[in-house]
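**Q** Sequence:
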Amino acid sequence: MNDFHFMDAAIEERLDGYRQRLEQNPADAEVHQAVCFLLSDPAQSRRLIDFYRHLQREFPDAWQHQLNLARAYSQTGKDSMAVVQLQKLLRNDPTLTDVWMELARCYYRLQKVELALRALNSVLDVRPDFCEAHLERVRLLVDSGDLEEAAAAAIFSLEAEGLSRSVRDWLEEVDALLESGQNPPADVMSRSAGLC
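Take the sequence shown: its position 3, counted from the start at 1, is 2 in numbering that gives the first Met the number 0, and no numbers get skipped.
Certain hints may be false.
Here are the simulated distance ranges between beta carbons [stated by the list, open to error]: (1) Ala-192 <-> Ser-143: 16 to 22 Å; (2) Ala-28 <-> Glu-160: 47 to 53 Å; (3) Ile-10 <-> Ser-163: 38 to 44 Å.
FYI, nobody ran anything at the bench for these hints, they're computed from the structure. Glycine included, every Cβ here is placed at the ideal spot set by N, Cα and C.
Model the full structure from these sequences, guided by the hints.
**A** Written as structure tokens, this is what we have:
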């Protein structure tokens, strides 16, 4: 019992430090990852959600806290609850590209490919040069087996201005494979990670 109490106190102490850092910078991805890792045990799911819910209630004007709450729901396997939080954010500000991207990922995990694509298209409506949305749309379509649409998405993305040469090279390689009737191999698809 004492060991459990000691471990719980140590976790709480670390969470207090993370809480203070997130109060200062709600968009700190490194701290968010540390919190999710610290509370990654399924038995800690409620605690993870409560941690972010508390921050979101304490600082309602910092939209990043609500985004982190949505990510906590996703981390605990509750993508439907995450979608609710993300939709609330987008009703207040439809220009939040990070929120649209997170919404697309949630919809895809929920096997709602069409809604995921709509979310990605919304990102591109807001920022036509948003690299990650272009890549994610092609990856999602390839992964879902809709190779013809994936080729069309790659061609559309190649026409976008502001994409780097490495992104264009990857899109051209994927498009060439798709137009020749081939499903791009995993090593080609994995090369898109880190291009943006």
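**Q** Indicate, hint by hint, whether the structure satisfies it.
**A** Each hint tested on the structure:
no.	hint	verdict
1	Ala-192 <-> Ser-143: 16 to 22 Å	holds, 18 Å
2	Ala-28 <-> Glu-160: 47 to 53 Å	violated, 27 Å
3	Ile-10 <-> Ser-163: 38 to 44 Å	holds, 41 Å
The structure fails hint 2 only (numbered hints given earlier).
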